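Undergrad: Here are the chains, one letter per residue:
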Amino acid sequence: MNFQLTEERQMLQDGLRRFLAGSVTHESIIAATESPAGFDTTLWDGLVEMGLPGAMFSEDQGGFGGAGFDIMVVFEELGRAGAPTPLIETSLLAGSVFGTPHQKLIDEIIGGRVFAFAHGEPTSRYDLSHVQTRAEKTAEGWHLSGAKAVVHHASAADALVVSARTGGGMTDRAGISLFLVPVDQVRLRDYPLNGGGRAAEVSFDCILPETAKIGEAGQALSMIETADARACAAQCAEALGMMETIKTLTIDYLRQRRQFGQPIGKFQALQHRMADVVIEIEQARSAVINLCGNLDGPGRDLHVSAAKNLIGRVARLVVEESIQMHGGIGMTQEYALGHFAKRLTMVDHRFGDTDFHLERFIRLAVA
Amino acid sequence: MDLNYTDDQRAFRDEIRAFLKEKLPARLSAKVAAGKRLTKADYEEWHAILNARGWLGVTWPEKYGGTGWDAVSRNIFEEEITAANAPRIIPFGLNMLGPVLMAFGSEAQKAHYLPRILSGEDWWCQGYSEPGAGSDLANVQTSAVRNGDHYVVNGQKTWTTLGQYADKIFCLVRTSKESKPQQGISFLLIDMNTPGIEVRPIVLIDGEPEVNEVWFTDVWVPVENLVGEENKGWTYAKYLLTHERTNIAGVGFARAGLASLKRIAGEQAHNGRPLIENPYFAAKVAQVEIDLMAMDTTNLRTIAAAAAGQAPGAESSMLKVKGTVIRQQINALARQAVGPYAAPFVSEALDEGSNVEHAGPAYAMPVTQTYFNNRKLSIYGGSNEVQRQIISKTILEL
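Protein chains in written order, with UniProt numbering: chain A, 1 to 367; chain B, 1 to 398.
Chain B extracted, bound-state conformation:
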């Protein structure tokens, strides 16, 4: 056992810190730190900076323009960029579609799409969930019927995160109803500008249109946009989900949240003393910090096993459950910390450059929105109930 990083790993961390200090625009980190609303242009700006340094495709091998980093290096990078309040890397093209194309896409698809993901020419979104197929993805109903050298797609996708920004969507579609539900699914790439596609925003309880419904009415998609083989999409979907679940523990986000929580609780006064000194509140902060310290190590144990070539199994489910619950607890404590100023909802104040004044201290402004938005953490990516089911089946063999 050795809990310390190697000299090389420490040097790598220093290199990332130096890069962030020099290249992460203060305007962007200030927005992230203050919980302000990020625009598409903000994400694109940050992606371009990372891409220029060759650090955008962090899960990609070097032959496709990625970093070729192992799991430990990726984790160090993740920790540093979240600690520095960099905008998050939007995962749809980079962490979800990219690996699927590399594993199952045609040479033409790889050559066309992978560089465009890195360059930002294509912004992808995910067309997995449907109203009747959330965590039960095998139940997708959106149909793709072959007609000559096209598929004609009809149906509805939902919970499409940032779909309003996307030019392209990768979809699970039903190409056969004949056999088991898992067997008639295909993996299709669709241009969002194709006639017959309509994107409708869904406003979430935090007041933001982060997700969308995407409707397909007789959408003609060229057959060369099929990834891999027809009716084998379930295999690719599962492969994608294991990639979606990388960094699912969210240790970096939890750490940033905990640091912000402590800052808030240090500034809020309670009986003439900082709230963080109040034993009732301090006990709860301490408990979640203790949980986070242990989860950090659970995460590193999983990463080390992965770096040693062991495929992560139910460990990713454990990290998803524990990691999301810890982040939600931190969000709830931050909400509690701001007291009566958790109530105001001055939406316009979340926009950069807005002259609208928030109510109460600036740090109070986004905490309730974050709390409500992050209720999603235990729902998306396979709900925590589904993760527990996986643990019961694969580890407990029940």
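Only chain A is shown next, with the shape it has when bound in the complex:
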């Protein structure tokens, strides 16, 4: 057993933490999440310059990482700082479906190009096999028609990876294909999100050249599942980082806020609750470690569901208890807790919520 990070990852963590501490402030987060891009473009350029997207890819792919623990290190730090970036969409969702034939696109990601990943649909909820968007082969090329829901960073991307049915029924595993679609070929209605950032409802009625297809026709679901598992790991690690920041803010507040003649942290009722929060955050850390250590193994999906269910439960506890222990100040937009609390809450609304993953865990554990 060894739960120490390798020297390289320790250096990555230290460097990233220092860089983020120097470039991300509460004000910069708010400004970025309210900007048309929905993320901090200056910060993004800096992260690209330090090679961060490369940490999501193996050396064979031109990167310097790509394993579960690389994802963990990077996203825990991004979460801790509250840094708004399109790294999940670009490097993990899109980046995980671009295989060897698309090495050029991976090179572009490492160089800082932003992609969005348009897979979920208005009624698909969290079911990855539910795809109604269609792509039909015509004389001119692929005719793409349909709609995608809550596509993060769609308007900031210059191209979207879009899933569409080239065969099969609405929830069949077979028959799903992926296409690279330039953003000027789609209709976007973009909007802000709770917790910051932007997403869009995207609809399609366009003709794509044969070269727009990514991977083998009809066989995309397992690639999408891999991308989703990697994005889940990233999001869970990011959530862990946010929990650490919320924990620090709350402990500081318990020490400093006085009521009834003493710091509120002197009240045993609050001490015990904060102790529970700390215990649960350690559980969350272990779940993230389990997931990241099994991300390329046969038990991947079981660990995805275990981590996502546990993180969802702990996130709600951490958010609700931290707001409660802060009292009124925790309700305000202006104070840093609000941003972290909202973003952490929204973790349960992507890649499957606590119930979705509980159900899936039961199914996988029985199998």
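Keep in mind the hints are simulated off the structure, nothing from the lab. Any given hint could turn out to be false.
[To be verified] The calculated lysine-lysine pairs, modelled on BS3-like cross-linking and capped at a C-alpha distance of 30 Å, are: (1) B:Lys-180 to B:Lys-238; (2) B:Lys-180 to B:Lys-232; (3) B:Lys-110 to B:Lys-238; (4) B:Lys-262 to B:Lys-284; (5) B:Lys-21 to B:Lys-31; (6) B:Lys-232 to B:Lys-63; (7) B:Lys-284 to A:Lys-247; (8) A:Lys-104 to A:Lys-266; (9) B:Lys-63 to A:Lys-266; (10) B:Lys-177 to A:Lys-266; (11) B:Lys-36 to B:Lys-177; (12) B:Lys-284 to B:Lys-23; (13) B:Lys-36 to A:Lys-266; (14) A:Lys-213 to A:Lys-247; (15) B:Lys-110 to A:Lys-266.
[Unchecked claim] Listing some non-contacts, in silico: residues in chain B with all C-beta distances to chain A over 12 Å: (16) Ala-41; (17) Glu-107; (18) Val-145; (19) Ser-176; (20) Glu-224; (21) Lys-238; (22) Arg-255; (23) Asn-384.
[Unchecked claim] If the Cβ cut is set under 8 Å, some of the chain B residues that face chain A in the computed set are: (24) Pro-201; (25) Ile-202; (26) Val-203; (27) Ala-269; (28) Gly-339; (29) Asn-355; (30) Ile-379.
What you are looking at is a predicted structure, and each value in this text was computed from that prediction instead of being measured. The beta carbon of each residue, even a glycine, is placed where N, CA and C say it ideally should be.
Got chain A sorted already, so can you dock chain B onto it with the hints?
TA: Showing chain B alone in chain A's frame:
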């Protein structure tokens, strides 16, 4: 034991339903049902309709223009207006200040202010909390120094709900620093248009400026605006708080929330079936419904005791804790029910008549905002921690 309402009570419920059917504007109930943003004019419109029927002062005796209803009747009324998606009755003038003036105000104050509360001429807000005095109200620092026939007020109030709409504010102010903190407090009525008052909005995590900071810089207030005696404000404040805690269980709001949750979960599909049929989700909805059914009865037991003349003590603290937690659980389930569409925040779509499209189904639009806004339920009106402390002291005698 008889869990059934009397014939008179059932007839009363029918009378309220008939009134709501006829008088509650469909425009307003549609806004409330859809979770749209209500304006000051919306509240005023509804208050005026209730006042015209004599049903606005529901906690007031008839001699002051109120209904004279007992606790059971008030509860029936509350259930019906929430079920009908009427706008809530803004409590500051009606349920907080009104009873204090009736109990402790001068004849002149009663004659002047009470009719203006009913008519809507005055919109009151509450000046209790301060940055250093939230749940610890005895610690208020805003000072009122006597100067001839005026008090000169300096300090800062916070969490002033809907203060942006108010013409008047009732405040706890410090008139003496000499004795125990509770003893130097006075209860003062202040016109918001007096020079030296500044209202600054505080935007909450749901994105709405529901509360405000109110700053007082050398604000001259006539001494006749003092309620009761100088330095006795703590007594009046405590009296007000017991009134603030009426209907604290919020059974009607919980029921409306549960009904809306079930509608949403019936429309959301999960694996090709309605989400409400999913056993994991259904179990959580069922558990909160079971809790709500029991709380309804706990609430009625308290109300029946009150109607029989027993003063509610720590029961109101129990109802506050349980009632707020149940409402928060319902809000959290509604957020979960809308899935990925909990994330979009299209603020403009909350305005009546807005052409801005929301993202996803219309019912998904307000659920996350409601979830975040209602985190306040366990914080305001004496935080749930303070309520548990009251229970420990008064019932457990610990």
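Undergrad: Below or equal to 30 Å on CA atoms is what counts here, so check B:Lys-36 against A:Lys-266.
TA: violated (41 Å)
Undergrad: Holds or violated: is there a CB of chain A closer than 8 Å to the CB of B:Pro-201?
TA: Violated. Min distance 10 Å.
Undergrad: Can the hint on B:Ala-269 be confirmed by a CB-to-CB distance to chain A that is less than 8 Å?
TA: holds (6 Å)
Undergrad: Quick check on the hint: B:Gly-339 CB to chain A CB, less than 8 Å?
TA: holds (5 Å)
Undergrad: Take the C-alpha atoms of A:Lys-213 and A:Lys-247, compute the straight-line distance between them, and say whether it is at most 30 Å.
TA: violated (45 Å)
Undergrad: Grab the minimum C-beta distance from B:Ile-202 to chain A and call the hint holds if it beats 8 Å, violated otherwise.
TA: The hint holds - B:Ile-202 has a Cβ within 8 Å of chain A, the shortest such distance being about 6 Å.
Undergrad: Would the pair B:Lys-21 and B:Lys-31 pass a check requiring their Cα atoms to be no farther apart than 30 Å?
TA: Within the cut-off at roughly 16 Å; holds.
Undergrad: Starting from B:Lys-177, check that the Cα of A:Lys-266 is at most 30 Å away, please.
TA: Given that 30 Å is the threshold and the Cα spacing comes to 26 Å, the pair holds.
Undergrad: Was the hint right that B:Ile-379 lines chain A, CB cutoff 8 Å?
TA: holds (5 Å)
Undergrad: May I ask you to check that B:Ala-41 keeps its beta-carbon over 12 Å from the closest beta-carbon of chain A?
TA: holds (25 Å)
Undergrad: B:Arg-255: least C-beta distance to chain A exceeds 12 Å?
TA: holds (22 Å)
Undergrad: Does the alpha-carbon distance linking B:Lys-284 and B:Lys-23 stay inside the 30 Å limit?
TA: Distance of about 37 Å is beyond 30 Å: violated.
Violated hints for the displayed structure, listed by number in ascending order: 8, 9, 11, 12, 13, 14, 15, 23, 24 and 29.
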